[in-house]
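Let's have the full structure, built from the sequences with the hints guiding it.
Listed in order, the protein sequences are those of chains A and B.
According to our numbering, the residues represented by the first sequence are 3 to 514, in order.
According to our numbering, the residues represented by the second sequence are 3 to 514, in order.
Treat the hints as calculated values from the structure; they're not laboratory data.
These numbers come from a predicted model, not from an experiment.
It is possible that some hints are incorrect.
[Stated by the list, open to error] Just a few of them, taken from the derived set where beta-carbon distance is under 10 Å, the chain B residues facing chain A:
1) Ala412
2) Ala424
3) Leu449
4) Leu499
[Stated by the list, open to error] Below, computed lysine to aspartate or glutamate pairings styled on EDC-like, alpha-carbon distance capped at 16 Å:
5) Lys413(A) / Asp334(A)
6) Lys18(B) / Glu227(B)
7) Lys199(B) / Glu183(A)
8) Lys310(B) / Glu331(B)
9) Lys413(A) / Asp473(A)
10) Lys199(A) / Asp208(B)
Quick reminder that beta carbons are idealized off the backbone N, C-alpha and C, glycines included.
Protein chains: 2
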Amino acid sequence: MKHSLSRIQHPGLQAKLMSADEAAALIRHGDNVGMSGFTGAGYPKVVPAALARHIERQNAAGGDPFRIGVWTGASTAPELDGALAKVGGIEMRLPYQSDPTCRQRINAGEMEYIDIHLSHVAQFVWFGFLGKLNVAVVEVAGILPDGRLVPTSSIGNNKTWLDQADRVILEVNHWHPTALEGMHDVYYGTALPPHRKPIPLLHPGDRIGEAYLHVDPSKVVAVVETNASDRVTPFSPPDAVSQRIAEHIIHFLGHEVKQGRLPPELLPLQSGVGNTANAVMAGLNNGPYTGLTAYTEVLQDGMLEMLKSGKMAMASATALSLSPDGIKEFMDNLDFYRQRIVLRPQEISNHPEVIRRLGIIAMNGMIEADIYGHVNSTHLMGTRIMNGIGGSGDFARNAYLSIFMTGSVAKGGKISCIVPMASHVDHTEHDVQVIVTEQGLADLRGLAPRQRARLIIERCAHPDYRDALTDYLERAEAVARSGFGGLHTPHVLPEALAWHERYERAGDMRAG
Amino acid sequence: MKHSLSRIQHPGLQAKLMSADEAAALIRHGDNVGMSGFTGAGYPKVVPAALARHIERQNAAGGDPFRIGVWTGASTAPELDGALAKVGGIEMRLPYQSDPTCRQRINAGEMEYIDIHLSHVAQFVWFGFLGKLNVAVVEVAGILPDGRLVPTSSIGNNKTWLDQADRVILEVNHWHPTALEGMHDVYYGTALPPHRKPIPLLHPGDRIGEAYLHVDPSKVVAVVETNASDRVTPFSPPDAVSQRIAEHIIHFLGHEVKQGRLPPELLPLQSGVGNTANAVMAGLNNGPYTGLTAYTEVLQDGMLEMLKSGKMAMASATALSLSPDGIKEFMDNLDFYRQRIVLRPQEISNHPEVIRRLGIIAMNGMIEADIYGHVNSTHLMGTRIMNGIGGSGDFARNAYLSIFMTGSVAKGGKISCIVPMASHVDHTEHDVQVIVTEQGLADLRGLAPRQRARLIIERCAHPDYRDALTDYLERAEAVARSGFGGLHTPHVLPEALAWHERYERAGDMRAG
Numbered sequence: 003m004k005h006s007l008s009r010i011q012h013p014g015l016q017a018k019l020m021s022a023d024e025a026a027a028l029i030r031h032g033d034n035v036g037m038s039g040f041t042g043a044g045y046p047k048v049v050p051a052a053l054a055r056h057i058e059r060q061n062a063a064g065g066d067p068f069r070i071g072v073w074t075g076a077s078t079a080p081e082l083d084g085a086l087a088k089v090g091g092i093e094m095r096l097p098y099q100s101d102p103t104c105r106q107r108i109n110a111g112e113m114e115y116i117d118i119h120l121s122h123v124a125q126f127v128w129f130g131f132l133g134k135l136n137v138a139v140v141e142v143a144g145i146l147p148d149g150r151l152v153p154t155s156s157i158g159n160n161k162t163w164l165d166q167a168d169r170v171i172l173e174v175n176h177w178h179p180t181a182l183e184g185m186h187d188v189y190y191g192t193a194l195p196p197h198r199k200p201i202p203l204l205h206p207g208d209r210i211g212e213a214y215l216h217v218d219p220s221k222v223v224a225v226v227e228t229n230a231s232d233r234v235t236p237f238s239p240p241d242a243v244s245q246r247i248a249e250h251i252i253h254f255l256g257h258e259v260k261q262g263r264l265p266p267e268l269l270p271l272q273s274g275v276g277n278t279a280n281a282v283m284a285g286l287n288n289g290p291y292t293g294l295t296a297y298t299e300v301l302q303d304g305m306l307e308m309l310k311s312g313k314m315a316m317a318s319a320t321a322l323s324l325s326p327d328g329i330k331e332f333m334d335n336l337d338f339y340r341q342r343i344v345l346r347p348q349e350i351s352n353h354p355e356v357i358r359r360l361g362i363i364a365m366n367g368m369i370e371a372d373i374y375g376h377v378n379s380t381h382l383m384g385t386r387i388m389n390g391i392g393g394s395g396d397f398a399r400n401a402y403l404s405i406f407m408t409g410s411v412a413k414g415g416k417i418s419c420i421v422p423m424a425s426h427v428d429h430t431e432h433d434v435q436v437i438v439t440e441q442g443l444a445d446l447r448g449l450a451p452r453q454r455a456r457l458i459i460e461r462c463a464h465p466d467y468r469d470a471l472t473d474y475l476e477r478a479e480a481v482a483r484s485g486f487g488g489l490h491t492p493h494v495l496p497e498a499l500a501w502h503e504r505y506e507r508a509g510d511m512r513a514g
Numbered sequence: 003m004k005h006s007l008s009r010i011q012h013p014g015l016q017a018k019l020m021s022a023d024e025a026a027a028l029i030r031h032g033d034n035v036g037m038s039g040f041t042g043a044g045y046p047k048v049v050p051a052a053l054a055r056h057i058e059r060q061n062a063a064g065g066d067p068f069r070i071g072v073w074t075g076a077s078t079a080p081e082l083d084g085a086l087a088k089v090g091g092i093e094m095r096l097p098y099q100s101d102p103t104c105r106q107r108i109n110a111g112e113m114e115y116i117d118i119h120l121s122h123v124a125q126f127v128w129f130g131f132l133g134k135l136n137v138a139v140v141e142v143a144g145i146l147p148d149g150r151l152v153p154t155s156s157i158g159n160n161k162t163w164l165d166q167a168d169r170v171i172l173e174v175n176h177w178h179p180t181a182l183e184g185m186h187d188v189y190y191g192t193a194l195p196p197h198r199k200p201i202p203l204l205h206p207g208d209r210i211g212e213a214y215l216h217v218d219p220s221k222v223v224a225v226v227e228t229n230a231s232d233r234v235t236p237f238s239p240p241d242a243v244s245q246r247i248a249e250h251i252i253h254f255l256g257h258e259v260k261q262g263r264l265p266p267e268l269l270p271l272q273s274g275v276g277n278t279a280n281a282v283m284a285g286l287n288n289g290p291y292t293g294l295t296a297y298t299e300v301l302q303d304g305m306l307e308m309l310k311s312g313k314m315a316m317a318s319a320t321a322l323s324l325s326p327d328g329i330k331e332f333m334d335n336l337d338f339y340r341q342r343i344v345l346r347p348q349e350i351s352n353h354p355e356v357i358r359r360l361g362i363i364a365m366n367g368m369i370e371a372d373i374y375g376h377v378n379s380t381h382l383m384g385t386r387i388m389n390g391i392g393g394s395g396d397f398a399r400n401a402y403l404s405i406f407m408t409g410s411v412a413k414g415g416k417i418s419c420i421v422p423m424a425s426h427v428d429h430t431e432h433d434v435q436v437i438v439t440e441q442g443l444a445d446l447r448g449l450a451p452r453q454r455a456r457l458i459i460e461r462c463a464h465p466d467y468r469d470a471l472t473d474y475l476e477r478a479e480a481v482a483r484s485g486f487g488g489l490h491t492p493h494v495l496p497e498a499l500a501w502h503e504r505y506e507r508a509g510d511m512r513a514g
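See below:
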């Protein structure tokens, strides 16, 4: 490709240029492969697909099955997770996925999946807890003469993959502007216990590392050139439910400022991915706040607009996840955004130490909450994985304020997202402070379990389910009073998961 | 009392000397009262009992009910929790209790209880999330001429109570040796976000603060003298179950050292309270390790012996919890132990930042685990509170290694501590790395849910329950294969809590 000389300035690495197929052939059955990629940003675009073709041919030829471990930052895209899962090429996937084919394979028992707090992944690899990382496949925007790498639209676990893998394949993607250079902050001060030092980050915009990733050039076995877009999803305007949730949250934050429990410029915002998150950002962008900051995993259009309007001064993330319009805005004004966005490794964006210190306002989506405030972020009806816990636990546990949000019902009202007992618990009653649906907001701080239950039912449950939830709670209290349980967290054990069972069997949680 | 002049050197505070009854009369109905005390150490000995008598008289006289909020470090003793709960004097209790009368009241619905991560408590009070703290009742060993306070056998949340309360009652306990002075390290560098700085603690023995607690003398409304022992529990030699659990853990740690995943001196140890913890410490004391350290909540006899033998170089905790023999040993050799023990506020002993940095080996007891590795630390049969989560979440989530342990059965075999689904989740699958019973140890690192299930059943379940657990798992897989669920975390929803229900109704989890 015409750009090679400018993008790949290290002569030794230029010499390793090859096709995606040639590079993919360097990956072997049984390898654990660390791929770049976080929320559909910065993943390798062509080597995984070439590998999938290779696996398909090999399996069609009737040889031994060819399967690998796929480790990433977080979710990737159909060309990576989808392609490899489709050919049955993934033995073990970690730490997060959101791909339909992956999900189907995992829930069919055809693929193993380990769902890990995103802040835990890098250190578990350093500790040797997840086995040997054999290969890294990492997308970069360029290679400097001394071999340092310019990251692209996400950093995720790339530093760790490049450090830990025996063999490294680099994808140099010409689609990314070279002007990304300087936006990243890669902290190389981590260490193994007992040699760890404080992470010297005091404000969301602090730069504590370097703008480049390091790699030992002698480990690089292939360099592949690409020119392909990140996975981009058009931005859909928030629906009425997201809009109402956003209004409740914005009203609540205003109340907290009035009570003196939040400073006028709030505290650094963390926000999960999706429409509701964008709606909250839009609401804040129209609100009275200035000097806002973000310390989050993923920067979406909503935050980009706040940076543009000047309401937000600085945003830290590990990945960008923008719509086509957002990408155009970002690329057209890269000099502006480079001064206001810092992309970091996820071991830093999600670090408990930093999150606790900064005092984050954490806003994460969920699948369901139960009346006592336990949150399920990962499983449908207790058994089917949806995506994964991602960074929600890193943020919720260590946040100043931990907010979870969802519509009060799903599937046209057939599923209540407020249930008697969560069918899977990812965030316990000890980590959930605020629950919001379009119906309202329940502030659970300082409340005991049964107080929480009454508030959640009253404020958050959909009217179609409110009476049934109250009935459950009252009968649970009666069971306890009759001697078969306690009144701290009363339950009717044989019915605790009956709503989920009913949905599995009848397609509707409502009694028929 | 004869010691007043030497123990209470501040003239203004000497002038506030009064009886426990007079001091208790300064506490009003509706007050939130922050009491010192952590694991039966350092709690006020006479004011709570005087308050209980006052409440009893008032309630007997038929006046309005007199109830207060009781906030502590962690558990206290019959003279505090027991006495106040007995007279129905507690409206709301937080963040932890282990008192039989309290437990009975909470489970009878007569008293509210909020079960909070111990590292969260102080900051929630600073943030204003739990309401106003009206009174502090704090035990001290002495008062310096300038009003600084010498702490006793625990620090817990005392710094926060003294800072935040409007009125302060001090109990000066002559039972504590004055030679405790200098053992404590009270860090006054905390701040509210966005003004927080790194906690400058790099090694378990580091001293980052002062040896004294501060209080504004003008807030002190009463000083009461006492001479009373902490709650002391005789040390019972480990039973066979604890012994076997300890052996499995020690074998595992040895294996990790051999694999290069732990340094030869291990990493700082955290250990819950109780016989099994003491058995693990005894095992380590007889093992090949030297230069061990501890960074934990509570220092028990087991660690004292390791300090004495020289196997352990330094221990950090927020409280001592010693047997009568342990107390004698400690008091007889205070100069030795003062150089090897640091007592800190629980906001530091349990701080996620510090735990993550130091790379703790966390060993905590539990009530039950399910086959997928979710841990219940707090509830009996899903509804009755036992004690509380305490610091187990602070340590488990941020540890280098997170180990949970229990006997495989309870109540003479009528309860299996390995169950199909945990009846309450305090530690999720994302936070549990190792499960140990006397049957064996399951190393869950790098395993997907169904792989974990087979290992936990094989290694940890009691033989009496093993077949039933395997049967449950296989039928859950069959349900998923028949289209009513997923194979990621398969469950037979109507049976997931049936073992608990059976125990409630029939007194035995085994099918009859």
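Now for the hints, and whether the structure bears them out:
1. Ala412: Because about 17 Å separates Ala412(B) from the closest Cβ in chain A, which is outside the 10 Å limit, the hint is violated.
2. Ala424: 8 Å, holds
3. Leu449: 7 Å, holds
4. Leu499: Hint holds; Leu499(B) Cβ to chain A Cβ min 5 Å, cut 10 Å.
5. Lys413(A) / Asp334(A): 40 Å, violated
6. Lys18(B) / Glu227(B): 11 Å, holds
7. Lys199(B) / Glu183(A): 30 Å, violated
8. Lys310(B) / Glu331(B): Measuring from Cα to Cα gives roughly 9 Å; hence the hint holds.
9. Lys413(A) / Asp473(A): Given pair Lys413(A), Asp473(A) is violated - Cα atoms ~23 Å apart, limit 16 Å.
10. Lys199(A) / Asp208(B): Within the cut-off at roughly 13 Å; holds.
In summary, the numbered hints that this structure violates are 1, 5, 7, 9.
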